[in-house]
Structures are given as C-alpha cells and as structure tokens.
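Engineer: Here is what each chain is made of, one letter per residue.
Protein chains: 2
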Amino acid sequence: MFKINNEYLKLPGSYLFSTIGKKVAAYTEKHPQEKIIRLGIGDVTLPLAPAVIESMHKAVDEMGEAATFKGYAPDLGYEFLRNAIAKQDYRMRGADIEIDEIFISDGAKSDSGNIGDIFARDNKIAVCDPVYPVYVDTNAMAGRAGDYDAKTGRWTDIIYMPCTAETDFAPELPEQTPDMIYLCFPNNPTGATITKSELQKWVDYAREKGAVIIYDAAYEAYISEDDVPHTIYECEGAKECAIEIRSFSKNAGFTGTRLGFTVVPKALKSGDVMLNSLWARRHGTKFNGAPYIIQRAGEAIYSEEGKAQTKEQVAYYMNNAKVIREGLADAGYSVSGGVNAPYIWLKTPDNMTSWEFFDYLLEQAHVVGTPGAGFGPHGEGYFRLTAFGSYENTVEAIARIRKM
Amino acid sequence: MFKINNEYLKLPGSYLFSTIGKKVAAYTEKHPQEKIIRLGIGDVTLPLAPAVIESMHKAVDEMGEAATFKGYAPDLGYEFLRNAIAKQDYRMRGADIEIDEIFISDGAKSDSGNIGDIFARDNKIAVCDPVYPVYVDTNAMAGRAGDYDAKTGRWTDIIYMPCTAETDFAPELPEQTPDMIYLCFPNNPTGATITKSELQKWVDYAREKGAVIIYDAAYEAYISEDDVPHTIYECEGAKECAIEIRSFSKNAGFTGTRLGFTVVPKALKSGDVMLNSLWARRHGTKFNGAPYIIQRAGEAIYSEEGKAQTKEQVAYYMNNAKVIREGLADAGYSVSGGVNAPYIWLKTPDNMTSWEFFDYLLEQAHVVGTPGAGFGPHGEGYFRLTAFGSYENTVEAIARIRKM
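The listed protein sequences derive, respectively, from chains Y and G. Read in our numbering, the first sequence has 217 at position 217, and its numbers run on one by one without any break. Read in our numbering, the second sequence has 32 at position 32, and its numbers run on one by one without any break.
Hints in this document: simulated from the structure, not taken from any laboratory. Just to be clear, a hint being listed does not mean it is correct.
If several chains are the same, the list does not tell them apart, and a pair holds so long as it fits within one copy or across any two.
With a Cα cut of at most 30 Å, we get these calculated DSS-like pairs of lysine-lysine [stated by the list, open to error]:
{"#": "1", "residue 1": "K87", "residue 2": "K151"}
{"#": "2", "residue 1": "K151", "residue 2": "K124"}
{"#": "3", "residue 1": "K311", "residue 2": "K286"}
{"#": "4", "residue 1": "K209", "residue 2": "K58"}
{"#": "5", "residue 1": "K201", "residue 2": "K3"}
{"#": "6", "residue 1": "K266", "residue 2": "K58"}
{"#": "7", "residue 1": "K87", "residue 2": "K10"}
{"#": "8", "residue 1": "K23", "residue 2": "K286"}
{"#": "9", "residue 1": "K35", "residue 2": "K3"}
{"#": "10", "residue 1": "K3", "residue 2": "K286"}
{"#": "11", "residue 1": "K23", "residue 2": "K266"}
{"#": "12", "residue 1": "K266", "residue 2": "K3"}
{"#": "13", "residue 1": "K286", "residue 2": "K266"}
{"#": "14", "residue 1": "K403", "residue 2": "K269"}
{"#": "15", "residue 1": "K23", "residue 2": "K209"}
{"#": "16", "residue 1": "K124", "residue 2": "K87"}
{"#": "17", "residue 1": "K10", "residue 2": "K124"}
{"#": "18", "residue 1": "K269", "residue 2": "K286"}
{"#": "19", "residue 1": "K196", "residue 2": "K10"}
{"#": "20", "residue 1": "K286", "residue 2": "K124"}
{"#": "21", "residue 1": "K87", "residue 2": "K286"}
{"#": "22", "residue 1": "K209", "residue 2": "K3"}
{"#": "23", "residue 1": "K311", "residue 2": "K58"}
{"#": "24", "residue 1": "K23", "residue 2": "K269"}
{"#": "25", "residue 1": "K347", "residue 2": "K22"}
Only a predicted model underlies this, so the values are computations on that prediction, with no experimental measurement involved.
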C-alpha cells in the first residue's frame with residue numbers, strides 16, 4: 001500500500017497568495033462595479049523590454065529552422081548566459097564566480113524550494129520572521145520543520161529570527177545555532193536591507209558555526225544606496241559558506257517568462273564533498289534546462305540596450321515605491337522599505353490585525369495588499385504594498401487610502 | 001554544522017548521457033576529421049512546426065505590450081492549454097479527465113523526478129529493467145533505493161522487473177509487492193509496448209495491492225498499432241491508481257522548448273487525502289509555471305495545422321525507425337522496437353558488452369548510440385538507437401554499420 005508524504009498534511013491552509021486570490025475573487029463577484037487595484041502579489045505589470053522581445057523573436061526564428069534549431073540545453077545552462085552573469089553580476093562587483101558555479105533555472109522560487117534536496121533532513125533551519133513563505137513551506141514538506149503550532153503560527157523545529165521595528169526589520173544572530181540560514185536582502189516582505197559590514201557578520205558567523213547561508217538576492221536590482229551589497233560574494237569568505245539565488249522576475253519583469261539562476265561555489269564543501277557537484281547532479285537528473293528562447297531573453301538583459309531598458313523599468317517601479325512611501329507617511333502611517341526594494345512595509349493603524357486591515361482596505365479603498373501575518377507571526381500588525389502596479393493605479397490607490 | 005543528503009553520494013558515476021557526451025568529445029578531439037552521427041541521446045533534430053513558431057511570435061509580441069503582457073501564470077497552467085489537453089488527449093480517447101486534474105510543467109523529466117516529493121520515503125518502488133535512469137536516480141536521491149551494489153548494478157531496496165526477449169521486453173507482475181510502480185509505454189529504452197488488455201492487468205494489480213502506478217506516456221504519439229493504449233486512463237479503474245506523465249518533447253520536438261504535463265486524478269486517494277491536492281500544493285509552492293510563451297506554443301500543437309504538422313514530424317522519425325530496424329535486421333542484427341516508438345533495441349553482436357559495442361560503433365562507424373547497460377543490468381548485451389536523426393544521417397549511419 002503506497003504511503004504519502006505526511007509532512008504535507010501539516011501545512012496550514014493554502015499558499016498565502018491563493019487565499020488572497022480567493023478573497024479578491026469573492027469580493028469582485030459581489031461588487032463587480034468596483035475597480036480593484038492590486039498592490040498585493042509581487043507581480044510586475046510593465047511589458048518586457050524591447051531588447052528582450054527582439055532577442056526572443058530571433059530565437060523563435062532559430063527554433064523554426066533546421067540549421068539553428070536547438071534541442072536539449074547544456075545541463076548548467078547556455079554559456080552565453082552564464083558568461084554574461086559571471087562577468088556583469090559578479091566579476092564587475094569584485095566577486096570571482098566561475099561559469100561552472102552558475103546554474104540557470106526556471107526561477108528563484110523553484111530553486112529556493114529545490115535546493116533543500118541536496119541537504120539532509122536533519123538540518124536545523126533558521127528563517128527571518130516575517131519571511132517569504134516558500135522557504136518555510138518547502139522545508140516543512142521535506143520534514144525539517146517539525147510540527148506546526150496554530151496558536152503561535154510557528155513550526156516547532158524552525159529557528160525564527162524576528163525582524164522588528166527595533167532592529168530596522170533586520171534579523172539578529174540567533175541564540176540557538178542553525179545549520180542552514182535563509183537570508184533575503186533586499187528583503188521580501190519588509191523591503192529592509194543591511195550593509196556590507198552587517199552581512200559580513202553573518203558570513204563570519206556561518207563560517208564559525210559551519211552553517212550554510214541560502215542567500216536570496218532576487219531584489220538586487222532595486223538597491224539604490226551605497227554600501228548595500230549586491231551579492232553575498234562581496235563578503236570575505238562567502239564562497240565557503242553561501243549559496244546565492246537570483247531571479248530575472250523583478251529586474252526585467254520575467255514573472256511570466258521564468259528564468260533565474262543559483263550560484264553554488266566550488267569552495268563550499270561538506271568534508272571533501274563539493275555542494276557544487278551535488279547541485280549539478282540534481283540539476284542534471286531532475287531538471288532539463290530553461291527553454292533556449294528564454295535563455296536568449298535572459299542574455300538580452302545584459303546587452304547595453306537591455307541594461308538601459310530594464311534600468312528604466314526598475315526606476316519606474318521605484319518611483320511608485322516613493323509615491324506609496326511618501327503618501328502613506330504623509331497620511332500618518334508608519335512605513336519602511338521602498339528605498340532599496342519594491343516593497344513598502346507599513347504598520348496597520350488602530351491595532352487592526354493584518355487580515356482585518358486587508359479586508360478594510362479591500363472594502364474601503366478597493367486596494368489589495370498582503371497581510372503581514374501571511375509572512376509569519378512577527379508580520380502581524382504589518383502590511384505589504386508593492387510598487388509593481390502602474391503609476392496611475394499607484395497614485396489612485398494612495399489617494400483612495402488617504403480618503404479612508 | 002550543516003549536513004548534506006548522503007543519498008547523493010551513493011549514486012554511481014554520473015548521469016548516463018554525461019558519460020556518453022564525454023566519450024564522444026574525447027573521440028572527436030582525437031579524430032576531428034570524422035563525421036560523427038548521433039543516434040544516442042533521444043534528442044530531436046527537426047525544427048519546430050510552423051504553427052508553433054507562429055504562435056510563439058504572437059505570444060512574444062503580447063509580452064511586449066502592456067495591454068497583453070502576462071505575469072505569473074495560474075498555478076496549474078493556463079486553461080487554454082489544459083482545455084486542449086483534456087479534450088484532445090483524454091476525452092477524445094474516452095478518458096474523462098477534468099482540467100483541474102492536469103498540471104502543466106516544464107517537462108516530463110522534472111515531473112518524473114519531482115512526483116516523488118508527495119510520497120513517503122518508505123515506499124517500495126518497482127521499475128522495469130532496463131529503465132529510463134531518472135526514475136531510479138531520483139528515488140535513490142530521496143532515500144528509497146537503499147544501497148547500490150556495483151557488482152549487480154542494482155539498488156538493494158528496488159524491485160526490478162526484467163524486460164527480456166522472452167517477454168517481448170515487457171515486464172511481468174513482480175513477485176514482491178511494490179507500493180509504487182513505474183511503467184513507461186511505449187518504452188524508453190526498448191521501444192516495446194503492451195496492449196490495452198495487458199495494461200489493464202497492471203491497473204487491476206495496482207488496485208488490488210493498493211499500489212500507485214507512475215505511468216510515463218512521453219512517446220504516445222509514436223503508437224502506430226491498434227489496441228495499444230494512448231493513455232492509461234483508457235483502462236477501467238486507472239483513475240484510482242495511476243498518475244500519468246506526458247511530454248511535448250517527442251511529439252512536437254520540444255526538447256529545447258520545455259513543456260509537459262502530469263495528470264493526477266481526483267479519484268486517486270490515500271485514505272481521505274487526494275493526491276491531486278498534494279501535487280497542487282507542491283506545484284504551487286516549489287514551481288512557478290511554464291513560461292506563457294511556451295504554453296502558447298503547446299496550445300498550437302492542438303490546432304488543426306499544429307496537429308497536421310507535428311504528425312508529419314512523427315512520420316518522418318518513424319520512417320527513420322523503419323530504415324534502422326529493417327537495415328539492421330537485414331544485416332543480421334536481432335532488433336525490436338521502432339514500430340510504436342522512436343527507439344530501436346538491438347542485441348549486441350558477438351557477445352560484446354554494450355559499452356564495448358558503443359566504442360566499436362564509435363570507432364568503426366562513427367555512430368553514437370546508447371549502451372543498454374546504462375539502463376540497468378538487463379540492458380547488458382543490448383544497444384539503443386534512436387530515430388531522431390535526419391533521414392540522410394540515418395541512412396548513412398545504417399550503411400556504415402552494415403560495412404563494419
């Protein structure tokens with residue numbers, strides 16, 4: 001008799017954004033005349049850059065001709081893309097990453113879940129609280145989280161690192177020693193980030209404890225301030241303790257195009273075993289590459305035109321972030337984030353719970369945001385708005401919120 | 001101190017096709033003047049069908065305009081594609097599969113590996129021998145295979161079902177009772193298949209034992225004979241015991257385009273728990289959809305033009321299969337497969353081992369095939385050739401082999 005993975009049954013409710021989707025659908029059905037503005041899910045709205053479109057048309061044509069048709073891609077991804085990444089994302093930032101340390105994938109979400117495969121079940125993980133739910137849920141599925149306590153909203157075997165207003169929403173080194181540490185800077189959901197010297201402390205800590213850092217840098221393109229590291233490999237010794245996950249979803253609007261990559265340095269070892277070899281084995285056995293057309297789309301981001309065009313997109317969203325941040329602050333809300341990240345983190349007014357504020361905002365302003373509690377217990381009392389809407393919608397949403 | 005998944009260390013050598021790639025590269029470097037013909041890896045060579053190319057150009061343009069831009073896809077995949085699949089792959093074959101039982105993915109390889117996530121570690125798996133290596137390797141990674149015995153080429157905890165000439169390369173019901181049964185028809189690597197009444201016996205057996213069948217139907221489009229089932233759901237009761245994995249790699253040449261799907265019927269349960277819900281949870285948490293452009297490419301396969309054009313591609317490859325099968329038989333080789341599948345399975349001559357024959361063929365005819373031993377101990381003494389080359393190369397390869 002076959003047996004299912006019972007860990008799945010411990011997962012509370014459904015995935016956060018499914019719940020939001022259902023709530024919004026129910027509201028829309030009841031009030032079809034209301035124009036809903038969605039500043040909830042971190043999905044982009046600007047079309048793909050012309051350089052990317054041009055590159056994809058060319059690649060589509062190549063796929064239609066026998067002489068240029070492409071079948072299975074190389075296991076790690078095409079070198080044209082890995083070369084561009086190694087040079088522009090790493091070597092130009094002083095981080096010496098080789099192309100066989102870079103693994104092209106279908107996105108950061110897949111990688112942040114799948115990376116757990118190469119680790120034993122009995123690793124103690126540490127996550128920020130609040131946190132992007134995928135880190136927690138995928139570890140729970142793998143049996144690393146213990147049991148879910150509905151009263152506290154926490155898993156028994158996970159180390160939570162509170163990110164509160166007192167610490168500018170950055171985590172502090174945990175008291176209990178973890179084996180695996182998930183960090184995300186610029187942060188989703190709080191929009192917070194840390195300086196290079198602060199990140200260096202985490203790298204030093206991980207090396208001292210023999211822990212591995214899973215570093216999610218999906219929002220790197222939104223960094224606007226100096227001294228905020230663009231990659232963890234700017235830190236001394238990070239290649240010996242950190243895996244970095246990157247995405248094209250937010251810097252180039254690839255949420256529906258699907259492309260990302262993960263860096264597993266060869267210096268990262270467990271005894272004699274290179275984690276690079278383990279991930280290469282997983283990549284070659286359980287994945288068959290991102291589509292050729294999409295890898296060409298990724299390459300175009302690194303061209304001069306592509307860089308200029310995607311930079312404009314990021315600037316557009318960051319202008320939205322400014323509209324939200326300044327508009328809400330001016331209206332008396334307590335806000336953070338939105339400076340090095342497309343997320344604005346606000347304190348719910350009048351001691352509302354975050355789901356109460358979700359409903360309130362949906363009903364009063366017809367604006368959809370994300371309840372902080374969906375990201376963990378310390379997200380309670382907070383609310384996330386994203387800068388990924390159109391400028392017009394963003395301005396209108398803030399005007400509506402100010403009128404509530 | 002973090003701990004790696006030690007199961008990875010038990011995996012013997014590297015992935016079969018990486019080894020072949022290295023051998024061929026080494027040969028090419030030594031003999032740059034020889035024209036190598038590759039009939040090894042199951043990669044296609046014909047360009048994508050015009051209907052698919054047209055659909056992708058249109059989708060690329062949509063991604064370049066704000067009004068038609070697409071961000072994150074629905075969790076299960078776009079309905080336009082799932083509707084086409086439900087209707088044309090299932091309802092038209094008399095199998096009543098609903099669209100929320102269909103999960104669009106980036107390919108059958110990912111799905112056949114990832115499906116293990118929703119099952120407990122302590123399930124006993126049964127596989128054919130020879131077998132597509134991904135089923136075995138991914139179960140080994142998950143700790144379900146026990147230990148690898150290099151002497152026998154077998155894992156201690158796996159039930160092997162020999163597929164030999166005596167049974168026309170079909171498996172027989174195993175003596176030891178499995179919890180999970182991997183079946184692939186038409187078969188990779190042997191090209192064998194079974195009739196609907198034979199498959200019904202497997203379905204009845206699985207239901208009697210409470211086992212689940214993971215049914216890989218990636219080569220369905222190559223079925224040419226009547227009474228060979230196109231989907232396992234043609235069998236009575238299959239929805240209560242079987243998951244079906246499908247691919248667009250071989251019927252439409254999507255090896256480098258990446259698209260597939262998996263059917264998890266809602267009637268398939270463990271106690272009260274629907275496996276459909278578990279897979280939906282995994283799909284929503286550890287995957288973020290196939291690219292919009294690629295899902296539109298998939299839809300085009302189901303249009304009238306798309307069907308006609310991809311049918312022609314399949315016919316082209318099946319003509320190659322005939323060239324190989326008949327040419328080798330005429331030359332005195334003992335061959336099977338190639339009638340309902342793009343694979344020809346031949347007995348190595350003169351009691352050569354399959355790797356000896358690999359080297360012999362590479363050196364004497366400059367033709368690359370796949371050693372049967374790479375697919376399991378009962379593959380020893382056999383060799384796989386694929387029909388996915390060009391017609392000209394296929395004819396030349398057979399001519400060269402005949403001259404050896």
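Engineer: Each hint needs a verdict: does it hold in this structure or not?
Structural biologist: Hint check:
Taking CA atoms no more than 30 Å apart as the test, K87 paired with K151 passes in neither setting, with 48 Å inside one copy and 45 Å between copies. Taking identical chains as interchangeable, the C-alpha atoms of K151 and K124 lie at most 30 Å apart only when both belong to the same chain, with a minimum of 22 Å there against 37 Å between chains. For the identical chains of this complex, K311 and K286 are inter-copy neighbours only, at 29 Å across copies versus 34 Å inside a copy, given an alpha-carbon limit of 30 Å. For the identical chains of this complex, K209 and K58 are neighbours neither inside a copy (49 Å) nor across copies (53 Å), given an alpha-carbon limit of 30 Å.
Taking identical chains as interchangeable, the C-alpha atoms of K201 and K3 lie at most 30 Å apart only when they sit on different chains, with a minimum of 22 Å there against 44 Å within one chain. When the C-alpha separation of K266 and K58 is checked against a cutoff of 30 Å, the pair qualifies neither within a copy, at 35 Å, nor between copies, at 42 Å. In this homomeric assembly, K87 and K10 never come within 30 Å of each other (Cα to Cα): the closest approach is 43 Å inside a single copy and 35 Å across copies. Taking the closest pair of Cα atoms, K23 and K286 come within 30 Å of each other only across two copies (23 Å); inside a single copy the shortest separation is 35 Å, beyond that limit.
In this homomeric assembly, K35 and K3 never come within 30 Å of each other (Cα to Cα): the closest approach is 47 Å inside a single copy and 51 Å across copies. When the C-alpha separation of K3 and K286 is checked against a cutoff of 30 Å, the pair qualifies both within a copy, at 22 Å, and between copies, at 21 Å. In this homomeric assembly, K23 and K266 come within 30 Å of each other (Cα to Cα) only across copies, at 24 Å, whereas the closest approach inside a single copy is 46 Å. In this assembly of identical chains, K266 and K3 lie within 30 Å of each other by CA distance solely across copies; the values are 16 Å between and 37 Å within a copy.
Proximity of K286 and K266 under a CA criterion of 30 Å is satisfied in both settings, with 21 Å inside one chain copy and 25 Å between copies. For the homomeric pair K403 and K269, neither the shortest alpha-carbon distance inside one copy (56 Å) nor that between copies (51 Å) is at most 30 Å. Taking the closest pair of Cα atoms, K23 and K209 never come within 30 Å of each other, the shortest separation being 44 Å inside a single copy and 42 Å across copies. In the homo-oligomer, the alpha carbons of K124 and K87 never lie at most 30 Å apart, since the shortest distance is 34 Å inside one protomer and 47 Å across protomers.
In the homo-oligomer, the alpha carbons of K10 and K124 lie at most 30 Å apart both inside one protomer (18 Å) and across protomers (23 Å), since each shortest distance falls under that limit. Taking CA atoms no more than 30 Å apart as the test, K269 paired with K286 passes in both settings, with 22 Å inside one copy and 25 Å between copies. Proximity of K196 to K10 under the C-alpha cut-off of 30 Å is found in neither arrangement, the shortest distances being 38 Å within a copy and 39 Å between copies. When the C-alpha separation of K286 and K124 is checked against a cutoff of 30 Å, the pair qualifies both within a copy, at 25 Å, and between copies, at 20 Å.
Taking the closest pair of Cα atoms, K87 and K286 come within 30 Å of each other both inside a single copy (28 Å) and across two copies (29 Å). For the identical chains of this complex, K209 and K3 are inter-copy neighbours only, at 12 Å across copies versus 37 Å inside a copy, given an alpha-carbon limit of 30 Å. Proximity of K311 to K58 under the C-alpha cut-off of 30 Å is found in both arrangements, the shortest distances being 23 Å within a copy and 26 Å between copies. Proximity of K23 to K269 under the C-alpha cut-off of 30 Å is restricted to the inter-copy arrangement: shortest distance 28 Å between copies versus 45 Å within a copy.
In this homomeric assembly, K347 and K22 come within 30 Å of each other (Cα to Cα) only inside a single copy, at 24 Å, whereas the closest approach across copies is 58 Å.
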